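Q: Going left to right, the sequence shown walks through residues 1 to 668 as this note's numbering numbers them.
Careful, some of the hints might be misleading.
Unchecked claim - Derived pair list, reagent style BS3-like, types lysine-lysine, alpha-carbon separation capped at 30 Å:
1) 646 - 472
2) 472 - 244
3) 163 - 364
4) 244 - 122
5) 426 - 463
Rather than coming from a laboratory, the hints here were simulated on the basis of the structure. Predicted, not measured: the structure shown is a model, and the values here were computed from it.
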Amino acid sequence: MDDLGKVTTVPSYGISVNSGRETTYIVILDNEDNIEDVETTSINENESVMLQIENIVILDNEDNIEDVETTSINENESVMLQIESDSFDVRGCLLGLKRKKIDDTYDLYCSHALENGLSVRKSTTRTENGCVVEKYFLCSCEETKKPNTSSLRKVYVTRTGCKAYLRAKINSDGLYEIIEHNLMHNHTLTRREWSHMHRSHRSINCENGAVIEGMLTSGIRAIDSFRYMAHDAGEEDCVGHTLKDHLNYVNRLKMSIIEGGDAQTLIDEMHAQGVENKDFFFRVKLDDEGRLSNVFWRDAMMKEDYMIYGDVVVFDTTYRTNKYNLICAPFIGINNHWKNVMFGCAFISDERIESFVWLFEVFKKSMEGKSPVSIFTDQDLAIGTAIEQSFLDTRHRLCLWHLYQNAISRFGNLKANKSFINEFQKCLSGCTNREEFEHCWSSMISTYHLEDNLWFSRLYLLKEKWCTGLNKDFFSAGILSSQRSESTNSVIGFNARKSTSLTEFYDIFKRTVQSWRRNEASDEFQCSRAQPTSFMSLTGLLKHALEVYTLTLFNDFEAEFLKCISLNCELIHSDERLRFYNVKDDGDITVHNVSFSDVDKFIVCSCKRFEACGFLCCHILRILHMHSIVEIPELYINKRWTKMVKAHLWDKFGSGSEQPDQNTDSIS
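Assemble the whole structure, with the sequences as input and the hints as a guide.
A: In C-alpha cells:
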C-alpha cells in the first residue's frame, strides 16, 4: 500500500469499518489533495470487503475529514463506516454510537450486557409512518413484580426496580443513534462466566430449531436431543440456550404440530362414551391457543378396579409411541391374580411439575379422592415433587425394573462382571434389613472402586425409595422384588408406532385393556374350577389357603409353607398375653422374632412380609403350624388377594348394565 502512504492507528483520523465482527481503523496521512484508490482491507480472515473511497479531501495540518463516501461490495451485508475511537469498549458507555438498524442497536446493548453480567429487554417503541424512530431498551431488573402466591410453581422474583436503560433515536442520516445510556444499576451484576445464562443471551436459532424438530420427529426425547447438541457444541454452555429453554421450545413445537382435527376426534369419541356410560370420566386441558395439552380418561371398570386394587399404583411415563411424541402415562395396578389392571391413562405434553400435579389431581377426583398407599415411578424429580403435593399420605418408591435398566447403562466395564451384577442386585432386593444393606453396599463400593462414582453416590442417597430391606413397613404388593417389578413392566407396551395418531392410539389402548380383562376372566374361570397339584396333603392351613386365595397367591403361600417345615423355633419369653419366639433356618444367620397370642390369634414377625406383601411369611406359618392352627386368622387375610374380592361386580358388569353415578365427563 505504498501509494497510500503510511497506515497506522490514530484516533483523530480513524475511519471505522464495522461488519459486526471486528473493527479495522484506516488512517491516511498524505500531503496530496486526493487519493484515487484504496485497495482491499480485510475485516477478518474469512471476509474481505472492497472499499472504494473517492474525493476524500485531506486538509493539511487540520484534524478533520470533510467527506467520506462508502460503497458496499456485498449487497447482502451491511458494512458501516463511522468515526469511532480505537479505545471503544463494549463494556463501557455506548452514548453516541450509531447503527443502521434498530435490531443492531439491540444486539449492541446485548453485547454490552453480556460483558457486564446483566440481562436486557426491549421496551417502549415510537413509530412514524410505520417506521421506528425511537426505542427504549431496559435492564431486565427494571420494575418490581409481586409474586403470584396462588401458583403451584415456586417462582423467584428478579425485578428490583433498576433504572438502567438505553435510548436510541433515528437521526438526520437515517441511523439509530444512542442518545441516552444510564449505566447505574441497583443490583449485583453477574459474574462473566455465568452471564450467558441470562435470558437475553439465550436463543434458539433457525439452524438449532431445525435440528430439534428433526430429532422430535424421530421420537428422540427432548433431554436426549439437548445432550446431543451439547456434545456437538463441546459443552452445555456453548449450545446457546439452556435445558429449560430447550424443553419449552420442544413443548411449543409439539403443540404447534398437533392437528386440531385429530385432537377433536379424540375428544368427540370420549364425549360419546360419556353419553353412553355416565360413569365414564375424562378431562382435557388446553393451552393458551386452544390446542390439546393434556388429557386423562378412565372407564367405569377402571374405577371399580381402583377401589379394590388401588392400594398400589405403578405410574409409567416411558411410552411415547404416537405421532406427536406426547407422553402416554398409564396408571396401572395389580389384581388378585398378580396380573396388570388399568386404572386410567393420560396424554401429557411435557414433564413439568405443573403437568403432573394437574394429572394427579384429576386422577384423584375421578376416584372420589382416594389416594394409593404406595406409588411406583421411574426416577424423575418432577414426578416426585408432584406426588408430594398431590398424594400427601402416599409412599413414593422407585420401580426396581426401571432402576435396573437405567443402572445397566452406567456400569461401563462392570457390565460383564457377573460378581458385580450379583452384588448390585442383592443391594437392590436381597437385603432383609438396614444393617445388611449397609454392609453389602459398602463392600460393593470398595471392592469395585466406586467411591468417586457420582451416579452411585446419588443412588445411595435415594436408598429409602428403592431398597427392599428399608421398605417393609408399608404395603407394596411385592412389587419391590425385582422379579415382580419386571413382570409388571414387561407386558405394558402398546402396539403402536411413531406415526400413530391420537385416535389410533386410543383404539389400541382400548384393545389392550380388553385383552387384559379377557385374561382376568380366564383366571377367574380357572379359580372357579381348577385345583392345583401338590406333593403335600392339602389339609389344615394349605386347605384353607386354597379355599380363600386365587391360584396365583396360593402358589406363593404354598412356597412359604414349604419353607416353614425346615425352620427351627425357640420360645424365648412369654407373658400373660404373648409368646415370643426366635425363628431361623439352619443355614441362615438371620434370626426372626415372632410374637404370638393364642387368645386372639394376634401374630407379627420382624421380617414384615405380611405388611409388605399381604400374605403370611414362613416364620409365622411355622408358629401357627406348631400351635395346630388349621385356618388363617381372619385378621391376616388380605381381601385383595382372595377369589371372591370382585364377586359383587360380576352381575353388574357381566350383564353389561353399568350403574350411572354423578361423575360426568367435562372439559376444563
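Q: Compare the structure with each hint and give your call.
A: So, going through the hints one by one against the coordinates:
1. Of the supplied pair hints, the one linking residue 646 and residue 472 holds, its CA atoms being roughly 27 Å apart against a limit of 30 Å.
2. This hinted pair does not check out: residue 472 and residue 244 have alpha carbons roughly 38 Å apart, beyond 30 Å.
3. Of the pairs offered as hints, the one joining residue 163 and residue 364 is violated, with about 48 Å between alpha carbons and a cut-off of 30 Å exceeded.
4. Taking the CA atoms of residue 244 and residue 122, the gap is about 22 Å. The hint holds against a cut of 30 Å.
5. Taken as a hint, the residue 426 and residue 463 pair is honoured in the structure, with Cα atoms around 13 Å apart against an allowance of 30 Å.
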